[in-house]
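Asks: End of the sequence shown sits at 182 in the UniProt record's numbering; the numbers just go up one at a time, nothing left out.
Be a bit skeptical, because a hint or two may be false.
Straight-line alpha carbon distances no greater than 20 Å define the calculated EDC-like cross-link-like pairs of lysine to aspartate or glutamate that follow [to be verified]:
| id | residue 1 | residue 2 |
| --- | --- | --- |
| 1 | 95 | 59 |
| 2 | 95 | 160 |
| 3 | 41 | 68 |
| 4 | 41 | 76 |
| 5 | 41 | 59 |
Taking CB as the label site, the calculated pair distances span [to be verified]:
| id | residue 1 | residue 2 | range |
| --- | --- | --- | --- |
| 6 | 145 | 170 | 20 to 30 Å |
| 7 | 5 | 177 | 38 to 48 Å |
| 8 | 20 | 177 | 21 to 31 Å |
| 9 | 103 | 149 | 19 to 29 Å |
| 10 | 23 | 50 | 15 to 25 Å |
| 11 | 97 | 140 | 12 to 22 Å |
| 12 | 97 | 16 | 37 to 47 Å |
| 13 | 164 | 138 | 16 to 26 Å |
| 14 | 12 | 169 | 38 to 48 Å |
| 15 | 23 | 169 | 35 to 45 Å |
| 16 | 8 | 177 | 39 to 49 Å |
| 17 | 31 | 101 | 18 to 28 Å |
No wet-lab data here; the hints were simulated from the structure.
Every residue, glycine too, gets a C-beta built ideally from N, C-alpha and C.
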Amino acid sequence: MPLVPLLPLFHRFNREYFNGALAIGSQPLLSVRWSDGRLRKTAGFYRRGLRVDGRNSCEIVLSRPLLELLPQTATESTLCHEMIHAWIDLVLQVKESHGPNFHARMAAINAAQNQFQVSVRHQFPVPQTPPRWWAVCPRCGLRSPYQRRVHRAACRQCCDRHYGGSWHASCVFVYEPALPEA
1 MPLVPLLPLF
11 HRFNREYFNG
21 ALAIGSQPLL
31 SVRWSDGRLR
41 KTAGFYRRGL
51 RVDGRNSCEI
61 VLSRPLLELL
71 PQTATESTLC
81 HEMIHAWIDL
91 VLQVKESHGP
101 NFHARMAAIN
111 AAQNQFQVSV
121 RHQFPVPQTP
131 PRWWAVCPRC
141 GLRSPYQRRV
151 HRAACRQCCD
161 RHYGGSWHAS
171 CVFVYEPALP
181 EA
């Protein structure tokens with residue numbers, strides 16, 4: 001499937017699912033672009049950082065190598081997923097990854113249309129590499145594979161079960177190195 005221009009899609013989703021909050025007039029609050037071809041392990045990401053001149057820089061980057069061979073619905077769901085992250089950061093001004101605000105907006109978008117489904121984790125064909133780390137929940141013992149240690153990441157199931165969905169220090173993962181395969 002040839003790559004589609006992202007900006008028209010961004011503006012459509014912004015109108016339909018975010019009440020126009022991610023743009024001022026026709027000017028988006030962030031840049032939206034295809035990767036240069038090096039992004040091969042994830043379908044996309046949202047990031048906020050500082051430019052060299054000290055101004056804020058926010059962008060959504062979608063993976064050209066992963067998404068160009070998939071149906072357009074893969075691009076749409078990935079872009080919408082990253083737009084939820086941008087909306088939580090720029091509009092709600094909340095520090096949250098896939099927490100309650102993300103899940104609520106994801107459910108609202110999925111209920112409002114049936115062309116694509118936004119999800120927390122995609123099922124696109126991505127080359128798998130063995131994990132470098134195992135993240136272990138100290139409460140329930142759940143083991144999750146990670147490529148890098150994520151500071152203050154916590155077990156979603158235990159936070160939901162014991163703390164009403166709020167992050168709690170007792171659920172923060174403990175990382176164990178993954179043993180190389182012999």
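Asks: None of the hints should be skipped; say for each whether it holds.
Replies: Now for the hints, and whether the structure bears them out:
no., hint, in the structure
1, 95 / 59, "holds (16 Å)"
2, 95 / 160, "holds (17 Å)"
3, 41 / 68, "holds (14 Å)"
4, 41 / 76, "holds (18 Å)"
5, 41 / 59, "holds (18 Å)"
6, 145 / 170: 20 to 30 Å, "holds (22 Å)"
7, 5 / 177: 38 to 48 Å, "holds (43 Å)"
8, 20 / 177: 21 to 31 Å, "violated (47 Å)"
9, 103 / 149: 19 to 29 Å, "holds (24 Å)"
10, 23 / 50: 15 to 25 Å, "holds (22 Å)"
11, 97 / 140: 12 to 22 Å, "holds (19 Å)"
12, 97 / 16: 37 to 47 Å, "violated (24 Å)"
13, 164 / 138: 16 to 26 Å, "holds (19 Å)"
14, 12 / 169: 38 to 48 Å, "holds (41 Å)"
15, 23 / 169: 35 to 45 Å, "holds (37 Å)"
16, 8 / 177: 39 to 49 Å, "holds (45 Å)"
17, 31 / 101: 18 to 28 Å, "holds (23 Å)"
Hints 8, 12, counting from the list given before, are not met by this structure.
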